[in-house]
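Chains U and W supply the protein sequences, listed in that same order.
Heads up: the first sequence is residues 1 to 547, going by the working numbering.
Heads up: the second sequence is residues 548 to 1193, going by the working numbering.
If you're looking for bench data, these hints aren't it; they were derived computationally from the structure.
Just so you know, even glycine gets a beta-carbon here, dropped at the ideal spot from N, CA and C.
There may be inaccurate statements among the hints.
Derived list of chain W stretches under chain U, where covered just means 3 residues or more per stretch with a C-beta under 8 Å from a C-beta of chain U [said to hold, decoys possible]:
#	segment
1	1107 to 1120
2	1177 to 1187
With a straight-line Cα cutoff of 20 Å, these simulated SDA-like cross-link-like pairs (lysine to any residue) come out [said to hold, decoys possible]:
#	chain 1	residue 1	chain 2	residue 2
3	U	Lys199	W	Arg675
4	W	Lys695	U	His202
5	W	Lys590	W	Glu902
6	W	Lys1151	U	Arg69
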Amino acid sequence: MKGPNTAYRKNFSLIVAFLVLVSVTLIVVLIVAYRFTAQNVNNDFAAKKNDVADQIISPYNYFSRSKIREITNYSGSLDSALAANYADSIFHDFNFVTKIVFYQIVVGNRLSGRAKGNNLGISVKATYQYYPNKRKVKGSKNENEINKNDFSQMADKLSDYITAYDTSRGPGQEEQGTFYNTRPGKISYLNVPNNEGLKTYHELQQSGRTTSLYKQNMMTFYLDPHKITFKNIHPELYQKISVRQINYDPIDIDPDKTITNEVAFPGALSDYKLYFSSPRDYLTAEINRRFMPIGGIILLVYFFFILIGWLIYRNLNVNLKLFKLQYDFINNFTHEFKTPVSVIKIAGSNLKGDNELTDRQRKHYGRILDEEADKLNELMNKLLSFTQLENKSIQINKDKIDIDHFVKGYINTFKIKYPDFKLSYNINNVNFFYTDEVLLGSIFQNLVENAYKYSHPEKKELFINITLEKRNIIFSFIDKGIGVPKNELNNIFKKFYRLENQYNQNGSVGLGLAFCKELVNFMDGEISVKSKVDKGSEFVVTFPYEN
Amino acid sequence: MVGRLKTLILIFITVALYACKDKGANEIPVSDFFNTPEKSYFKISPDGKYISYLKKYKKRQNIFIQSLEDGKERMATAYADFPVRDYSWAFDDQIIFSINLPNDKYLMYVLDVKTLQKKPLLSEEKVRVRVLNKSRQTPDIITIAMNKRDSAKSDVYRLNIKNGELKTYLLNPGNIKDWFVDADGSIRLAKSSDGINESILYRANDKMPFKAIIQNNFKNSVIPIGFTGKKNYFYALSNVDRDRTEFVEINAENTKEERVIYANDKADIQRVDYVRSKHRLELAAWDEAKPKKHFLDAAIKAIYDDLDKQINGSESNIAGRDTAEINIIDRDTAENKFIVTTYNDRSRGAVYLYERLGGKLTKLADNSTINPAELCAMQPIHYIASDGITNINGYLTLPLGVNKTNLPVIVMPHDGPFGGRNSWGYNADVQFLASRGFAVLQVNYRGSSGYGKKFLNAGFREVGGKVQQDITDGVNWLIANKIANAKKIAIYGRGFGGFSALYGVSFNPKMYNCAIVQDGLINFFSYINTIPDFYKSSLQKMYLQRMYEMIGDPSNKKDNNNLIDISPVFHPDKIKVPVIIFQDRLDLQANILALEDYVRDLRKRKVQVIYKKYEKARTTAEIDSMRVDRYTQIEKFLDNNMRVKH
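Construct all of the structure, not just a fragment, from the sequences and the given hints.
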């Protein structure tokens, strides 16, 4: 009994180790996953702000890099009415433009306007201002210091550019910047003259010899980032987003309770920034929300591991039982073989003895030897046929059997064998049956033998009832034996199973009923049992009846 | 079985042959189309003893002189850095020539043929000089026009080529556009312009002031040719009070038109050959479907007839199957020796020396580098525009080969929009494209010159309108006549033609597979406001007025909207097909930054755009290699985009 116990103990410690390991892993994984999620949320808080800011920056970029340059396409020919049209389209498409100042500029020689150390005279002919007003714009002639200043800055830039302009090379790649003047809150743009214009201005600046005037257009756009509509596309991260002055940094915000971040705007919007804030709790909620599915998946994987562990454990358990059964079998069989062998041994040693044997003694020993050899033979046959049956290596030889004759034969045999056995039988509506006589005989032999074996000595009775019912032939073996406890009913057909009682101490290996069941199943039949303890049992064998 | 095998072999051979053909084993290399001739600018000395021409020396054009007595060629100049741009013969074996240095310095020299010594005459910064007259009577004095005083004003000077002395003859008050000089060098006729109105100015002699005798709107034109020598009559080409330009004689005193000397009901008279010194009219020439001449002098007609007989009768190499156009480009004073050029649609032609005595014709140069038989005939075509009335003329060049239907077509609208035209003759671009298997369509859309002023004026304010429709109608005409494969049509133009190409693919995207644009006009606001040098004066406003009348007035709301509608720069969203854009970075019309924005915008919209910006070429070799490069790219571009319509 040491072997299985050891195996069993080893199994148990493994399982414990496994469970501990898996559980520890689970906890570690959960902690790490939570940390990761938390970090992820914090990173997103810092990174996703650009997605929100892009909603503002990309229309601004489109405005400043593409739309504004449309002024160049008009080649200086805009007047107040046409500029109003253009302004209208700007106000319509870009709601952050709050005001446009339009300058009609005249370029000529120094007499015609403001010249600075050279002959290029650049002057303003007229200035107009436009405001968005329910999709209509109102224009007004306007002269004030701010506008004059804007113009003068641009005029200086143009003048410098023209001075450096090389008529034999043309404009370079990155020279759009000359025609922009970007300051916080406003952006000015002057239309780019074509090659002819640039050349003319350059020559004009050198010589000053012309009375001609050339038209340029300049526009100053006033921008208010507060007017930009944007959507909080990451409400899970940012509780509040607002456009603020670049220096906005409120002192009353507790950095332990609230996280903030910001994106500075480019170019003319650079006085402002986009300010993001979320309380810590807000982010914790987001961490939990994101962690839920991850935690769920980890738990699922954990339960899956546990399930597999349990399945492995169950398999080991079954193997253990099997091992135990085989151990019992060897025990029983050894015991079974031992009795006849020891009897033979005693008979043998008596025969070998010095004393003369009487005729009666010699016969007696001969009979003992013969009987015990038969017992051994029977044991071996049983074992052999059972193995054959299990491996399905025997064949069914169907013969026509006269049921009455067949049953009578067995009853007579058992009556001789067990004179105290009361056997009776009844056959209804059936005379012949096609089946393998030897196999059916084995079933009879086993069931009758069992009935005898598991009966009280004074109540050794068996009634065999054979009936034809529908398409089946039913053999019922009804005894008045010790019966089978209800909880054992399922086990009695198992191999090497024996009821623990005084009746089966010798000559039983616990194979009888298992063998019967195998045989019946092999012959396409079924076997069942009804039983009451100390009242008796009824074994019912059913075969399909074919004529 | 055998029959089937034979068929298979036949198919295989046919396919193999076609494959060879497609590979273009016989394809003429691009460079053959676009090289400058070895010798050019042929001239004959006044005494008829020398022939001169420009020829390359160290890749730069230099003057070479060939003596007609011993046939020896001598190199007269040896400039290795800058080419000789222009030269002309003065009397007494003197040659006057000029060179332009890269820093805009202008130099004029006189060269003595006998000694090959050269003497500087002029050295000025940024000037344009035109030799107006040389006179037999005063061989040392030449009359030149030069804008030295003011770049916008061309004054007239007398230049002594012996000592380089320069004397002012006439000062330009500012509006004189052209001076018309007499045989003796005096100027009695001039043309002034205020941008809209042109005036012919006349004075009876040098002491009198000029007074305007004829005033015209820019839609009319009078081009003086020279005084007849009888009273104060002068010859002129005029379309005043008539649709087509006619050759007339005008009395300068009372501005009365005395008589019509020659008129043609098909076309404007474009050229008159008049020998001022002898007061002899020779011929009037014009372009119908092909160039035509009318002779006004029996002696010159005899020369042309003899030339025609000799060249078109025997010289099959030049003429091919077509007759060559013949022109006398220079002659000696005695009118015994003539320099003659020829050309036709399939050949750049040749230069000959013709000697009247004995009728001897000597070939001086053959400019046809490609065998004319390998080039394609240019046929005049005409069709009725979709308005149902207007007859549109054009030229169609079909590729060689038996197949004359279902061809890939390239439409080449000419530059302009007004005053330009396509004429019959040799055109390297057309021949190149035809040699690559394309049918080439050239359209003289309304607004083109030579068909009368009604036709020219019909194009006014129709840019992007009827002008474009005429081009579209041409393509539809080709499709209707099964010449064009409607799935393989490209459009290629320069300047205004480039606009037509961009406009075509923008607003007629289903018609064209792709567009080739060279120095294309993309913005009419810029076009209108770009005022040529000449008008850099108080005439600016008038010029703009004229532009407003021809294209549109940006200050007029309706016109302004129209200008926005037709300018491609405002509509990058309309283009869907591949475009290749070549741009000279110094092109005065161009606004490089705006163009590059436009290209960027197109690319943003996933339009396949190839953009090539190139520098101005300074030498003929550079021009040649740039043209070869450009056409190699065009060839590749067409190869990629003319397979199937997108």
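Hint by hint, here is what the structure shows:
1. 1107 to 1120: n = 4 at 8 Å, threshold three: holds.
2. 1177 to 1187: It is violated: at least three residues are needed, and the segment 1177 to 1187 of chain W offers just 0 whose Cβ sits closer than 8 Å to chain U.
3. U/Lys199 to W/Arg675: 17 Å, holds
4. W/Lys695 to U/His202: 19 Å, holds
5. W/Lys590 to W/Glu902: Holds, at about 14 Å.
6. W/Lys1151 to U/Arg69: 16 Å, holds
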